[in-house]
Every structure is written in C-alpha cells, then in structure tokens.
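S.K.: Go by the hints and put chain U onto chain Y.
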Amino acid sequence: MADFSGSDLTCLRGERLVFGGLSFSAKSGDAVMLRGRNGAGKSSLLRLMAGLLTPRSGMLCWNGENISDDRTAHHARTHYLGHQDAIKPVLTVRDNLRLWGQLRGVRDLDATIDRALHALQIHHLARVTGRYLSSGQKRRTALARILIGQSDLWLLDEPTVGLDRESCAELAQLIKDFRARGGIVIYSTHIDLDVEKPTVLDLDEFAIPMVEWLAEQDDIEDLVHGGKDAISSQEAAQ
Amino acid sequence: MNGFLAILQRDLRLALRQGADSVMVVAFFIVTTTLFPFGVGPEVNILARIASGVIWVSALLAAMLSLERVFQTDYEDGTLELLTTSPVSLELLILGKVLAHWLTTGLPLIIAAPLMAVMLNMDQDGFATLMIAMLLGTPALSLIGAIGAALILGARRGGVLVSLLVLPLYIPVLIFGAGAVEAALLGISAIAQLQIMGAILLLTLAAAPFATSHAVRQAME
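Here the protein sequences come in this chain order: Y and U. Per my numbering, the very first residue in the first sequence carries number 1; after that it's consecutive. Per my numbering, the very first residue in the second sequence carries number 1; after that it's consecutive.
Okay, chain U solo, but in the shape it has when bound:
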C-alpha cells in the first residue's frame, strides 16, 4: 500500500510542477465542445438534443489526449525500468499512476462538464446524472487508456496509435454514458445505465492493471 501512495504522491507532485497537462486537457474539452454550436448552428432545440453526446465525445477525446504521457516520460528516462524491478508489485504501481492520471485529467473534466451543459442548453434535469455518469465513466477511461499507453511504448508516432487502439474500447462507456443522460432528460430512471457503467468500471479496475503490467514488462524486453 505504501508503494501505491508513494507513486501517487510523486505523480501528483510532477503534475503540479509541470502543470500544463491538466489545463490543456480541460481547455481541449472546452474548445471541442464549443465547436459544435458553430458547426450545427445556434438552434437551441438541436443543441439541447445533442448536448449529452457532444459532451461525452469531447470528454473521450480530451481524456485520450493525455494518455501518451502516462508512461512515455518514465519509459524514456529509465524510471519505468526501476519501477519494474522494485519490490512493490507492478500492478499496484500502475494503479497508483492511473489514479494520479484520473485525478489530474478526469476530475477536472467532471467539474467542467456542467458548464458545457449550460452552454449547450441542456435541461437541468440531466446535470446530476451527467456528473454521476462521468464519475463512473472517466476512471474507466483512464484504466482502459493505460493499457493502450503501455502497449505503444517504444513505438514511433505513439500518439496516433494509442487513439486507434483505445477509442474503439471507449465505445461502451460512450453509449451508456450518453444513454444515462438521455434517460434522465426524458424523465425516466437512469439507474440501469449507471449500473452498467459501474460494472464496466469494476471490470476494468480488475483487468486493466494486469493487462497494463504485462504490456509494460513486454516493453522492457
């Protein structure tokens, strides 16, 4: 457990010193969401209709933007090699890194999401569900993304490759995340969708650290 906290603390400290990453992710999220009213037109009804989908798609893209950095710098400066040979299990260390990634990118997105919902004229009945759905969905995005980020270690043009690997895996989160908000807007219960999102989160929480650590070990060979 100490190792988990140690790596979490270090990654948060690094993020704080370097700063730019979280700001960039949120800025990207806001800019992409803002593009839609320009493209679709200022028709209020249409915007309200597509709001939940637009917010989710922008959030997926923004979360993906920072993935390449999760392991890349540690890989390049030799830190990952030392983490692999440390007495703490690699799975636990990866979980710590993923949590740090979520705290610095996923959490700011959740905070920015209602703002974007207001801009797109989403009915306020959907706000609470949107935030709960993002609270369940964004950690799953970080966990799935970590697998992709580890798989591209050592590859050239990793950034493009990681999106090709990871985006298809994000689809279930997108479907049920947007679906939950739709249900809330229609006035029906969104429990079913949220439960499935919870299940996705638990599944990725159990499987992703092992898949990621295998990919990291592979990259060390």
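Bound conformation, chain Y alone:
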C-alpha cells in the first residue's frame, strides 16, 4: 500500500506566490483531480510532484520518506505527462517510444511497445514518422509512453488536450485499470473525464496574497524588525 502526500507546500515562481500552505494525501488506487482557474498553479503542483521544481517550503513524501532524499527512486516510480508531447518529427512512433523504455530498463521492449500502442489504438501508426502525426495522434503517442515501464504514480497535466471523445473514454479506462492495479493518478483537466470518485483538490483555495505570506515569514519579520530597530536607534542618536 503506497502513500503519497504533501504537507504545507508553498510554490514561488519568479516573484509571484502561486499557492501556499497546500497539503494533500493520496493512497494506492486513489485519483486526485486538480482544479482551479488559469494560473492557479495546477501545472506547478504537478511539476513539484514530478521533482522538476523544488517547493519554497513544505515537503512531498512517498510512504513517509521525503522524495528529494532519493530522486532516482521517485523518478522510477513516476510517469509525468507534461504539456508537450516530446515527439521527434524524424523518428517513427515506435522509435520515439523506444528511448523511454530503454531508460526505464524495460525488458522485452518491442512487446511492451506493441501493447501500449494497442491500448491507445495507434498500432497502425507504429511506422509513421512524427512529422505526419496529427496533434491528437501525437498526444496519444505521448500517452502510450506512460504505459511503458512499471510505475506507481501518474502525473498527468491536461492529458485530454487534443483528444477526441473516444480517446478520452479510452484514457478514462486506462486510469481505471491503473487504479485497480494500485496506482495513484493525479491529473488536471478542464473537461469532465469519466474517472470514478476522484478527490478534488481546488487550488483556488490555496491562493494567498503575497503580503500575507511575507508577514508569516520569520526571517523577513526579523529583517523588518531589525530595520525598525536600526531606524529608531538612529533617531535616538539624533
């Protein structure tokens, strides 16, 4: 039974506070749906979970262990699907997928790729080069990647973009199968994906104004007080 949780996460991008004080917890078989307006930090949260970003404060734990202690292990159990499809225009669909299998040390790679292509119904495209794929076909190829290699956690950032209604149903089915096998799925989407009883995490609830957050910071408070002391001592001297 795996357990993935985050506590008191704060994400700072540039000089903008995206969200603060965010906590969540998911167990094997759970699905978490991220919701929020544009810019609420859905992608940032998924990138934090994937280990691409580091939180300003708070931590992410897998079975109680901080994920930044052993990044290799976390990467091995995680499949991250970002906005981009990472498809090389000059390579065939099969060759595009091959690299990701090799990096995960998949044995019997050809059969695994075949299964993934069948699951996404793009087996007929196996020998087509990336440049001739439509955007929906590219997205499906990218989705096929998360079926290659063992994983316990799927982080899907807007997986439905570019997919037609049937593909969305297939994706929902894949998510269902993965959860039945004990996987955890965390995803963001703007359309309704037919996923059974997801836990909804509304990021708008964690948007806090920068001023409030700054006021909570001890080190900055010290700075401010230090500054005031310095000024008052100057005044006293005068």
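FYI, nobody ran anything at the bench for these hints, they're computed from the structure. All the given hints hold, so there is nothing to weed out.
These stretches of chain U come out as covered by chain Y in the derived footprint (C-beta under 8 Å, 3 or more residues):
1) 13-26
2) 79-91
One-sided and incomplete, this derived list gives chain Y residues near chain U with beta-carbon spacing under 7 Å:
3) Ala-50
4) Leu-52
5) Leu-53
6) Thr-72
7) His-75
8) Ala-76
9) Tyr-80
10) Gly-82
11) Gln-84
12) Ala-86
13) Val-90
14) Leu-99
15) Gln-102
16) Leu-103
17) Gly-105
C-beta: ideal position from N, C-alpha, C; glycine also.
M.R.: Here is chain U on its own, set in the frame of chain Y:
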C-alpha cells in the same frame, strides 16, 4: 549504462536522419580555413607558419557553431523535461549526448584537418601531432560547449550568447593545441603539450557533466 547507450543511439539516429548538422560543421571549417590564404596572400612560407593556428581557430569556431542545437530542440519539444524526470542520472544522459555531439562534429573535423594542413602547406612532420592534439582537444570542446549550451536554454539569441560564454573557455585548448603542432614542426617533442591537453580533457570530463546537469535543472525551473 543502458541509459547512456540509449541516448547515444537516439542522438546518432537523429543526426543521421537530419544529416545537415555534421556536413555544415565540416563545410564551415573548410570555408573558414580557405579564407586565410585569400586574406594573407599566397606566400607559401607565411601560410606554413600560421597553418596550425588557423586550423585550430577554424576548428573552435566550427565546433561552436553546432553547440546551440545540443539541448535546444530537446528543450523546445519537452524531451529534456522527460530526461530530467527519468530514473537514469542526468549526468550520464548528458555525457551520452556530448559523445554523440563529438562523434557527429568533432570526429569529422579531425578527418578534415590534415586536408586543410596540406592546403596551407604545413610541413608533414606536424600532421600526426595535429591529429593527436585534435583527438584530445575536440572532446574537451564538446564538453565545455555543453555547459554553455545548457546555460543559454530559454534565452533569446542563444547562438550569440553561447559563443560569448564558451569561446574564452576554449583558449587553453587553442594555446596547447597549436603549441603541440608548433613543437612538432620545430622537431622538438610535443609530449608536454599533449599531456596538458589530456589533463584538460580529463578535467572537463569530470566536471562538465555536473555543471551541465545543474544548468539543465535550472532551465527546468
């Protein structure tokens, strides 16, 4: 190790399909070297005197030309993001990419160099040393260049920026590379210069993958 071979194989396959990059680098090298006889004049003695320096400078410029592409396309299409989140260490993957870069650009330069040496009337005593020096020097150029290529990710006009970052770091390779050939032409042993070039290569081999992976992670933030 599998990850290293996988990325090497993929990058070589991409280079083979796209092709143009290696051809362009060698063509650029040949054209720049050819410009010097036109500029300096056809005086045979002068050409022979400057041959080693001209070949090295042209090789540095040619190697730099292809640097921008090392990470740029992978960065733009999201591949780099996935490489960063793959279970294989990023340093090893970067080393694989650098080796692929060297095989597609450095190696063709080494093969073209003696041809250019003949054109510039270099004494044939220097040929062997020139090739050995380039064999030690060009991998170091690829390794140093990878740091620059990773640092400019996400920047506008990366191509100009990468040359400003990387060219000053190429100077030691230039000094000892040209020096080794000079020594061989004068009939003295070039071992000392070649040993220093070997040391530069080992140093960059140890340090560059870590520096590059830090720069790549920074670009992912």
